[in-house]
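Participant: So you can see what is in the structure, the chains are spelled out below.
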Amino acid sequence: MNNRLSIRLAVIMLVIPCSLLVAFTHYPAIQALINSFWNNSSSRRPSRFSGIENYQALMEDDRLAQILINSTIYALGTIPLAIGLSIGMALLVNSRLPGTTLMRLSFFMPTMLPMIAVANIWLFFYAPGIGLASQILEVFGMPSINFLGRTDTALASMMFVAVWKEAGLFMIFYLAALQSVPTNLKDAAKLEGASALRVFWDVVMPLLRPTTIFVAVNALINAFRLVDHVIVMTEGGPNNSSALLLYYIYEVTFRQRDFAYGATLTVLMVGLLGLLAIVQYWVLNRKAHYQ
Amino acid sequence: MKSTGASLSVKGLKKSWGPTEVLTGIDFDIEPGGFLTLLGPSGCGKSTALRLVSGLDEVSGGSILIDGKDVTKVPADQRNIGMVFQNYALFPHMTVAENIAYGLKVRKVAKPVREASLERVAELMSLGPLLDRKPAQLSGGQQQRVALARVLVSERPLVLMDEPLSNLDAKLRTEIRSEIKALNKSLGITVVYVTHDQSEALSMSDTVVLMNAGRVEQVGTPKELYDVPATVFSARFIGTPPMNLLAVADVSLPDGVAASYGNDPADLLIGVRPESMQFPAGGADYSASCRITSIEYEGSVSLLHLTSKSGASFILSHSGDTLPSLEEKITVGWTQSAAHLFSKRTGERVLTSS
Ligand SMILES: Nc1ncnc2c1ncn2[C@@H]1O[C@H](COP(=O)(O)OP(=O)(O)O)[C@@H](O)[C@H]1O
Ligand SMILES: [Mg+2]
Numbered sequence: 001m002n003n004r005l006s007i008r009l010a011v012i013m014l015v016i017p018c019s020l021l022v023a024f025t026h027y028p029a030i031q032a033l034i035n036s037f038w039n040n041s042s043s044r045r046p047s048r049f050s051g052i053e054n055y056q057a058l059m060e061d062d063r064l065a066q067i068l069i070n071s072t073i074y075a076l077g078t079i080p081l082a083i084g085l086s087i088g089m090a091l092l093v094n095s096r097l098p099g100t101t102l103m104r105l106s107f108f109m110p111t112m113l114p115m116i117a118v119a120n121i122w123l124f125f126y127a128p129g130i131g132l133a134s135q136i137l138e139v140f141g142m143p144s145i146n147f148l149g150r151t152d153t154a155l156a157s158m159m160f161v162a163v164w165k166e167a168g169l170f171m172i173f174y175l176a177a178l179q180s181v182p183t184n185l186k187d188a189a190k191l192e193g194a195s196a197l198r199v200f201w202d203v204v205m206p207l208l209r210p211t212t213i214f215v216a217v218n219a220l221i222n223a224f225r226l227v228d229h230v231i232v233m234t235e236g237g238p239n240n241s242s243a244l245l246l247y248y249i250y251e252v253t254f255r256q257r258d259f260a261y262g263a264t265l266t267v268l269m270v271g272l273l274g275l276l277a278i279v280q281y282w283v284l285n286r287k288a289h290y291q
Numbered sequence: 001m002k003s004t005g006a007s008l009s010v011k012g013l014k015k016s017w018g019p020t021e022v023l024t025g026i027d028f029d030i031e032p033g034g035f036l037t038l039l040g041p042s043g044c045g046k047s048t049a050l051r052l053v054s055g056l057d058e059v060s061g062g063s064i065l066i067d068g069k070d071v072t073k074v075p076a077d078q079r080n081i082g083m084v085f086q087n088y089a090l091f092p093h094m095t096v097a098e099n100i101a102y103g104l105k106v107r108k109v110a111k112p113v114r115e116a117s118l119e120r121v122a123e124l125m126s127l128g129p130l131l132d133r134k135p136a137q138l139s140g141g142q143q144q145r146v147a148l149a150r151v152l153v154s155e156r157p158l159v160l161m162d163e164p165l166s167n168l169d170a171k172l173r174t175e176i177r178s179e180i181k182a183l184n185k186s187l188g189i190t191v192v193y194v195t196h197d198q199s200e201a202l203s204m205s206d207t208v209v210l211m212n213a214g215r216v217e218q219v220g221t222p223k224e225l226y227d228v229p230a231t232v233f234s235a236r237f238i239g240t241p242p243m244n245l246l247a248v249a250d251v252s253l254p255d256g257v258a259a260s261y262g263n264d265p266a267d268l269l270i271g272v273r274p275e276s277m278q279f280p281a282g283g284a285d286y287s288a289s290c291r292i293t294s295i296e297y298e299g300s301v302s303l304l305h306l307t308s309k310s311g312a313s314f315i316l317s318h319s320g321d322t323l324p325s326l327e328e329k330i331t332v333g334w335t336q337s338a339a340h341l342f343s344k345r346t347g348e349r350v351l352t353s354s
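Quick mapping for you: the protein sequence lines, in order, are chains V and Y.
The first sequence runs 1 to 291 under UniProt numbering.
The second sequence runs 1 to 354 under UniProt numbering.
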């Protein structure tokens with residue numbers, strides 16, 4: 001029997017995915033790179049090559065500096081929060097408590113909701129005076145806070161929304177990992193005198209490490225990828241305090257219609273993500289496996 | 001590291017998972033320094049019994065006494081019991097040294113003491129060059145040694161082992177078998193050992209507890225189990241090949257045996273070990289005529305597979321020089337002392353011969 005594909009079929013099957021990749025990934029990326037070396041066209045004069053002018057502007061952009069700091073805080077904050085929350089939820093759901101199926105469903109629900117819907121829910125939650133957050137503060141006798149309207153709380157508020165949305169999905173991964181931890185390893189540690197907490201730290205957590213790295217990578221990607229809630233809830237404000245890099249790109253490109261600078265920012269973002277990807281692959285290869 | 005063993009006494013131990021009763025009440029006792037084996041087919045509840053003794057699972061009934069003290073309600077980590085798990089349960093992210101010393105570290109033993117103990121045990125189990133490796137970098141036999149070392153380092157008076165040799169090849173198995181036995185004797189540790197392999201149980205134990213479907217079938221020394229099986233199950237489980245059990249119709253009995261059995265003689269089962277059967281049958285008390293259906297050559301002996309008049313098949317272990325030929329009709333015999341009589345109805349031993 002001859003199982004080999006005919007050359008013609010092979011070429012067709014290669015060309016279809018490759019052309020999709022080129023059309024929607026490589027071509028736009030390269031086009032953005034090219035655009036970043038040209039300035040904007042206007043009704044009076046066409047676009048012209050401007051060398052590294054756009055990049056010089058980028059270096060001197062104070063707003064961008066602030067936004068990069070925001071993005072860093074946002075990423076570094078959401079990753080451990082998402083990991084902690086999803087492990088906690090997975091442990092709860094994996095326990096022998098009653099009602100774990102219902103818990104599982106309710107923890108996973110936010111993941112299934114579109115980000116816009118999540119943002120709307122949290123708009124109500126944060127609403128000063130009437131929102132649940134304010135009412136909770138009131139119970140403890142504290143004054144109501146306009147979470148989204150203050151420079152010192154807006155970014156943190158965005159972080160909670162993102163963590164709430166993504167932790168449910170990460171919980172599923174942790175749940176699978178928890179269930180694959182051999183029971184006799186925990187039993188062995190228990191017989192050696194380890195407390196439940198000690199068993200978790202010494203035996204379970206190290207075995208969850210591949211999952212933790214996977215979750216950290218995804219949380220990091222989400223930190224750059226998800227900005228719908230910023231657009232809906234704060235528009236980066238007040239005073240840029242909740243603006244993230246992708247939000248800035250959106251604003252520059254589609255609100256200010258500065259396509260050249262938008263392209264330059266996009267190149268910056270792709271570069272940053274590429275760098276992170278390299279670091280993560282290096283970490284993954286070194287740390288994720290025991291066998 | 002001479003530690004003296006603890007005594008263990010298990011009384012009426014019961015365990016149910018929901019509606020299914022896995023252990024229906026088992027009893028056994030071990031002296032300090034003894035070697036007791038829980039033997040039985042897979043699924044009969046051996047591991048369950050061991051986990052109850054260790055405290056990893058809660059009993060549904062009965063009690064467990066260590067050195068005379070009732071520990072039935074004592075948590076696992078306070079029973080001072082070591083355990084070797086079936087697939088070793090080594091921590092994959094820790095080195096061999098960390099694995100062995102983990103318990104000492106948890107119990108906050110001072111570092112110099114810890115290192116001294118580790119060194120001693122590593123030497124005892126010849127693990128010296130492997131201490132910095134991860135478990136995945138060890139062979140099955142080496143992993144087994146680490147698991148043993150981890151238990152020994154804690155100097156527990158009572159050690160439980162759940163089929164510790166089942167993942168090893170035959171040669172390693174006999175090697176580690178004698179190592180475990182030697183450790184038991186030289187260190188004086190009490191060992192409760194679980195296996196489904198009857199030859200392992202017979203060769204290692206002081207006492208064998210033969211289990212079947214959640215209850216104890218027979219307790220005794222290996223010799224007692226082999227020589228005087230208390231039930232049909234016992235007779236069939238112990239020995240390779242196991243005991244032959246023939247109906248009265250196939251056997252010509254000595255005078256008076258059938259008559260002295262109070263019940264219907266047709267209820268009798270006549271047991272005889274393949275190695276106690278003689279061929280030719282000259283001068284035997286019992287005899288059976290049969291046909292040879294196949295011959296298995298095993299070196300020191302040949303196994304003759306026989307078929308009786310009524311079509312029942314049985315085995316004779318033949319050590320003589322002259323081999324009969326295939327399909328030949330022969331008569332085999334055995335003495336009164338080699339015969340074991342059981343009741344077909346109750347499965348119990350009857351009319352203890354000799
Ligand atoms: N956690 C459990 N839940 C329900 N049934 C169990 C559990 N553990 C063991 N059993 C049942 O108990 C019986 C005895 O199991 P086990 O003690 O592991 O047998 P063995 O070790 O003799 O092979 C089996 O039928 C098994 O299905
Ligand atoms: Mg078992």
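Some hints could be false.
Simulated DEER-style distance windows between Cβ atoms [said to hold, decoys possible]:
{"id": "1", "chain 1": "Y", "residue 1": "Pro19", "chain 2": "V", "residue 2": "Phe140", "range": "43 to 53 Å"}
{"id": "2", "chain 1": "Y", "residue 1": "Gly347", "chain 2": "V", "residue 2": "Pro210", "range": "27 to 37 Å"}
{"id": "3", "chain 1": "Y", "residue 1": "Asp27", "chain 2": "V", "residue 2": "Val181", "range": "46 to 56 Å"}
{"id": "4", "chain 1": "V", "residue 1": "Pro210", "chain 2": "Y", "residue 2": "Asp27", "range": "44 to 54 Å"}
{"id": "5", "chain 1": "V", "residue 1": "Leu276", "chain 2": "Y", "residue 2": "Lys14", "range": "22 to 32 Å"}
{"id": "6", "chain 1": "Y", "residue 1": "Lys14", "chain 2": "V", "residue 2": "Pro98", "range": "21 to 31 Å"}
Bear in mind the hints are in silico, worked out from the structure with no lab data behind them.
We put the beta carbon where it would ideally sit given N, CA and C, even for glycine.
Participant: Does each hint fit the structure? Answer for all of them.
Facilitator: Hint by hint, here is what the structure shows:
Range check, proline 19 of chain Y to phenylalanine 140 of chain V: about 49 Å between beta-carbon atoms, so the 43 to 53 Å window is met. In this structure, glycine 347 of chain Y and proline 210 of chain V break the distance hint of 27 to 37 Å, their C-beta atoms being roughly 53 Å apart. Checked against the hint of 46 to 56 Å, the pair aspartate 27 of chain Y and valine 181 of chain V fails, with Cβ atoms roughly 35 Å apart. Taking 44 to 54 Å as the suggested C-beta distance range, the pair proline 210 of chain V and aspartate 27 of chain Y conforms, at roughly 46 Å.
Against the hinted window of 22 to 32 Å, the Cβ-Cβ separation of leucine 276 of chain V and lysine 14 of chain Y comes to about 58 Å, which falls outside the hint. At about 26 Å, the CB distance of lysine 14 of chain Y to proline 98 of chain V agrees with the hint of 21 to 31 Å.
Comparing the model with each earlier hint shows violations of hints 2, 3 and 5; every other hint is respected.
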